[in-house]
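Those sequence lines, one after another, are chains A and B.
Numbering (the working numbering) for the first sequence: 44 to 346.
Numbering (the working numbering) for the second sequence: 44 to 346.
Be a bit skeptical, because a hint or two may be false.
If chains are identical, the list can't say which one is meant, so a pair holds when it fits in one copy or spans any two.
Unchecked claim - In the EDC-like style, the derived pairs of lysine to aspartate or glutamate whose C-alpha atoms are separated by at most 20 Å in a straight line are:
hint, residue 1, residue 2
1, Lys235, Glu267
2, Lys235, Glu268
3, Lys316, Asp329
4, Lys97, Glu114
Since the hints were made in silico from the structure, they are not lab data.
Chain by chain, the residues run as shown.
Protein chains: 2
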Amino acid sequence: MSLLIVGTLAFDDIETPSGRVEGEIGGSAGYAALAASFCTKTAIVAVVGEDFPKATLDDLSGRGIDLAGVEHAPGKSFRWSGRYHENLNNRDTLDTQLNVLSSFSPKVPEHLRSAETVFLGNIDPVLQAQVLDQLREPRLVACDSMNLWLDIARPALMRVLERVHLLVVNDEEARLLSGQHNIVRAAHAILKMGPQRVLIKRGEYGVIAFEHGSTFAMPAYPLEEVFDPTGAGDTFAGGCIGSLARDGGRVDAASLRRAIAHGSVLASLVVEKFGMRRLWELSGADIEARRQAFLRLTDFHTI
Amino acid sequence: MSLLIVGTLAFDDIETPSGRVEGEIGGSAGYAALAASFCTKTAIVAVVGEDFPKATLDDLSGRGIDLAGVEHAPGKSFRWSGRYHENLNNRDTLDTQLNVLSSFSPKVPEHLRSAETVFLGNIDPVLQAQVLDQLREPRLVACDSMNLWLDIARPALMRVLERVHLLVVNDEEARLLSGQHNIVRAAHAILKMGPQRVLIKRGEYGVIAFEHGSTFAMPAYPLEEVFDPTGAGDTFAGGCIGSLARDGGRVDAASLRRAIAHGSVLASLVVEKFGMRRLWELSGADIEARRQAFLRLTDFHTI
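This is chain A alone, in the form it adopts within the complex (with noise of 0.2 Å):
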């Protein structure tokens, strides 16, 4: 297996300026996994209840996911209800229900124990942590996380990225974590926190990448509708993971910078729908077309 990423499925109820769904399949897990697909093989370790579709599921399985890792477990599946702002940078959380959740201890299956390229979606760090006692040896382990456990679970989330090569954040989570205001300070403080490589998204400015030695930043791709951005942070992380599993997960300047372009690209399109339908229906070209046109938004010197 390439990639094997955990993380949560989930049913979310979100606003947003342009309209509200109820149920809406997602979860932190569902976005990456499917946005990896696009590149890799990809597994998937979470735990979904009684109440979430089959049909979902085997649409995953239909995009060459491996759901080996999925536990079904009694009980309702985990759901987040929330509402953003007018501008789509800032949202209130109405309700989060843990369900099933609550008792989740995941379970690698053998098969996927020596996974290469491991991505840590955002959940609590002690269970991320369980996922990674249960590996070999993986080469990449990429890992996301939030705010929430920055306030609840600081040192089990410190423990974990001794042992994460690649760290995804927003700008906000990067300065809580470091102490730092300003962004190049936060980012080498993170660096000695144990990832090599940091990557900040920034929202609709895009995102801003630091390694030993080098510094990358990567415009947003400016839409004049963005319709709902829920998932786009894991959309974008999956992106990246799965086009550095594409590669071995070996990383350096120029995969790495490959990749947070990929999931760029992606990330500007799920918001473009409701929830995950974005990727379902995503084509080749369509991905090939947004990439072209992040290459003439950004382009100064080949002109």
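Fit chain B to the supplied structure of chain A, relying on the hints for placement.
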């Protein structure tokens, strides 16, 4: 003459987290002209009081900047006092003393009236219009403005915009001017007001430029320490317009992108020291080194 710049020459009292200076030489025309002077022959139309140092004017002349349009008026020069917040993205204006600026009526000397390229720096739009009235058919009119004029002189500003080819504003101003939050919609609304091109400055996130049929985004250069953001916007604009003036005021996608890159390079340098100090000492090698650093920062397809 290639480039005519109208704006302010001023004293600034500046307080940033890095330190404090009083009576620092500044003003929109000062920053913009010095930035443009690396590319093209530049002239300033502005007013100074009796207290403005002759040595500074001599230094500007020494850079080949034509000061025939700088009026010497009785009284004190324009003075601005401001304090930056810890995050440097926000500042409070502590005091504004218009002094000689309050009765300023710009007069463009005869030999400057056929300028091909004009930059209307951030002053009262009524004065910007008076400058345009004195010019013969400039090929390229660029304009900067600020929230203040949107608040107290919007009709005058709207009339100026009808005569402008290229508008430079920050994102907050673009939103205020257009009434649109989404930056793409804001830009499209502004393009209906007169300008064929709008450059939207986004502070530490860089710049995004819109023209019909083409969009260009460039990240800012990530700096570990921003010493003083004062004049960064004017320096960016001056660098841009200087580059376009060097191209004879002809603007196409390629010349605009080169110009934005050049402006971004100079803006990333000017903030490294208080006031205009870094601009005075810059060598061509410094500029080229930062341009190369920008290429490394943004390149994801030729690596």
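Against the structure, the hints:
no., hint, verdict
1, Lys235 - Glu267, "between (39 Å within a copy, 16 Å between copies)"
2, Lys235 - Glu268, "between (38 Å within a copy, 19 Å between copies)"
3, Lys316 - Asp329, "within (14 Å within a copy, 46 Å between copies)"
4, Lys97 - Glu114, "within (13 Å within a copy, 78 Å between copies)"
Violated hints: none; the structure is consistent with every hint.
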